[in-house]
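**Student:** So the protein lines, in turn, are chains Y and W.
At position 112 of the first sequence (counting the first as 1) the number is 112 in UniProt numbering, and the numbers step up by one without a gap.
At position 82 of the second sequence (counting the first as 1) the number is 82 in UniProt numbering, and the numbers step up by one without a gap.
Be a bit skeptical, because a hint or two may be false.
You can't tell identical chains apart in this list, so a pair holds if it fits in one copy or across any two.
[Stated by the list, open to error] With a Cα cut of at most 30 Å, we get these calculated DSS-like pairs of lysine-lysine:
| no. | residue 1 | residue 2 |
| --- | --- | --- |
| 1 | LYS66 | LYS154 |
| 2 | LYS35 | LYS154 |
| 3 | LYS155 | LYS35 |
| 4 | LYS66 | LYS18 |
| 5 | LYS19 | LYS162 |
| 6 | LYS158 | LYS4 |
| 7 | LYS108 | LYS167 |
| 8 | LYS158 | LYS67 |
| 9 | LYS167 | LYS18 |
| 10 | LYS162 | LYS4 |
| 11 | LYS66 | LYS35 |
| 12 | LYS167 | LYS4 |
| 13 | LYS167 | LYS19 |
| 14 | LYS35 | LYS4 |
| 15 | LYS155 | LYS67 |
| 16 | LYS162 | LYS35 |
| 17 | LYS19 | LYS148 |
| 18 | LYS154 | LYS4 |
| 19 | LYS158 | LYS66 |
| 20 | LYS19 | LYS35 |
| 21 | LYS155 | LYS66 |
| 22 | LYS18 | LYS154 |
| 23 | LYS19 | LYS66 |
| 24 | LYS167 | LYS148 |
| 25 | LYS67 | LYS19 |
| 26 | LYS67 | LYS167 |
| 27 | LYS19 | LYS4 |
Think of the hints as simulated: they come from the structure by calculation, not from any bench.
Source: prediction; values computed, not measured.
Number of protein chains: 2
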Amino acid sequence: MLEKNDHYYMLEALEEAKKAAALGEVPIGAVIVYKNEIIARAHNLRETTQNALTHAESMAIQEACKKIGSWRLEETTLYVTLEPCPMCAGAILQSRIPRVVYGARDIKAGCVDSLYRLLNDARFNHECDVTEGILVDECGQILTDFFKAIRERKKQEKLLRKQQQEK
Amino acid sequence: MLEKNDHYYMLEALEEAKKAAALGEVPIGAVIVYKNEIIARAHNLRETTQNALTHAESMAIQEACKKIGSWRLEETTLYVTLEPCPMCAGAILQSRIPRVVYGARDIKAGCVDSLYRLLNDARFNHECDVTEGILVDECGQILTDFFKAIRERKKQEKLLRKQQQEK
């Protein structure tokens, strides 16, 4: 049996990311752990739901609030494959999650380390303990593969259109 | 008939804030306008729902996504009585709302002008046109009154406990 460490839980978050990829959604997954048990799990569903708030972290937080019966998610750890965006970093602050572990950095929109350090600003009424880089290669690769496949598909479609026009 | 300007819509957001106050919730309200019509309205429900994401703006955004059938809320304006927190500012970016109008500043957690200017950072893939200060006194006063009432109630409760102990 696998030891239940950060690596173990990040693998579970990656499983969620794979579910998103299978639906054609940008593959990002998250799980929330309370007393060594996963109490919430979610994957990005923005295109499926057409709801701007359905990022993996935000949905996992809502699920965990439901499970715990409180908007305060004390004693929990959130694992997410990609560095949270401003909305999800804000949701983490709002739910008072004490610890956040993420895989790959998001240099374009990440608000934990890349563009801002929202989870470590003493002016807010909450700060988090942050660990980054757990399964960083796997968490990054699944995104790289996803966007590469999209580009390939678009290229093929363009070629097909061109061939049809030349007929 | 009142002209449908920023003042008019902010009065509607204030009506939402009053509904929150009546429930014992921190009185913050929001409406989203599309083609001169209010398509979503919501008030803070954090204590009632025990869900960390149920801020006025986040709920209004989700309602508007449902109405429009898209996570992109193009051509909409969001009116909110208080300057948005990081989560709600992030949700505004995620839903691509082009214009945000707010009443009072939140000097402790506001992320539009006070602590950060998240809606005007060219590094993100979206920026907003922001108007602040509409009905600023009314939007601030409802919050001041709410917190004053809470302090008064706590003071009375403390006094009552002391009197009972002295009996």
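**Student:** Hint by hint, say whether it matches the structure.
**Tutor:** Right, here's what the structure says about each hint:
no. : hint            : in the structure
1   : LYS66 x LYS154  : between (40 Å within a copy, 29 Å between copies)
2   : LYS35 x LYS154  : neither (45 Å within a copy, 34 Å between copies)
3   : LYS155 x LYS35  : neither (48 Å within a copy, 37 Å between copies)
4   : LYS66 x LYS18   : both (24 Å within a copy, 26 Å between copies)
5   : LYS19 x LYS162  : neither (34 Å within a copy, 58 Å between copies)
6   : LYS158 x LYS4   : neither (47 Å within a copy, 46 Å between copies)
7   : LYS108 x LYS167 : neither (42 Å within a copy, 65 Å between copies)
8   : LYS158 x LYS67  : neither (47 Å within a copy, 33 Å between copies)
9   : LYS167 x LYS18  : neither (40 Å within a copy, 66 Å between copies)
10  : LYS162 x LYS4   : neither (53 Å within a copy, 50 Å between copies)
11  : LYS66 x LYS35   : within (16 Å within a copy, 36 Å between copies)
12  : LYS167 x LYS4   : neither (60 Å within a copy, 55 Å between copies)
13  : LYS167 x LYS19  : neither (40 Å within a copy, 64 Å between copies)
14  : LYS35 x LYS4    : within (11 Å within a copy, 52 Å between copies)
15  : LYS155 x LYS67  : neither (45 Å within a copy, 34 Å between copies)
16  : LYS162 x LYS35  : neither (57 Å within a copy, 39 Å between copies)
17  : LYS19 x LYS148  : within (18 Å within a copy, 49 Å between copies)
18  : LYS154 x LYS4   : neither (41 Å within a copy, 44 Å between copies)
19  : LYS158 x LYS66  : neither (46 Å within a copy, 33 Å between copies)
20  : LYS19 x LYS35   : within (25 Å within a copy, 37 Å between copies)
21  : LYS155 x LYS66  : neither (44 Å within a copy, 33 Å between copies)
22  : LYS18 x LYS154  : within (21 Å within a copy, 50 Å between copies)
23  : LYS19 x LYS66   : both (22 Å within a copy, 23 Å between copies)
24  : LYS167 x LYS148 : within (29 Å within a copy, 77 Å between copies)
25  : LYS67 x LYS19   : both (22 Å within a copy, 27 Å between copies)
26  : LYS67 x LYS167  : neither (60 Å within a copy, 43 Å between copies)
27  : LYS19 x LYS4    : within (22 Å within a copy, 45 Å between copies)
When the structure is compared with the earlier hints, violations turn up for hints 2, 3, 5, 6, 7, 8, 9, 10, 12, 13, 15, 16, 18, 19, 21 and 26 and for no others.
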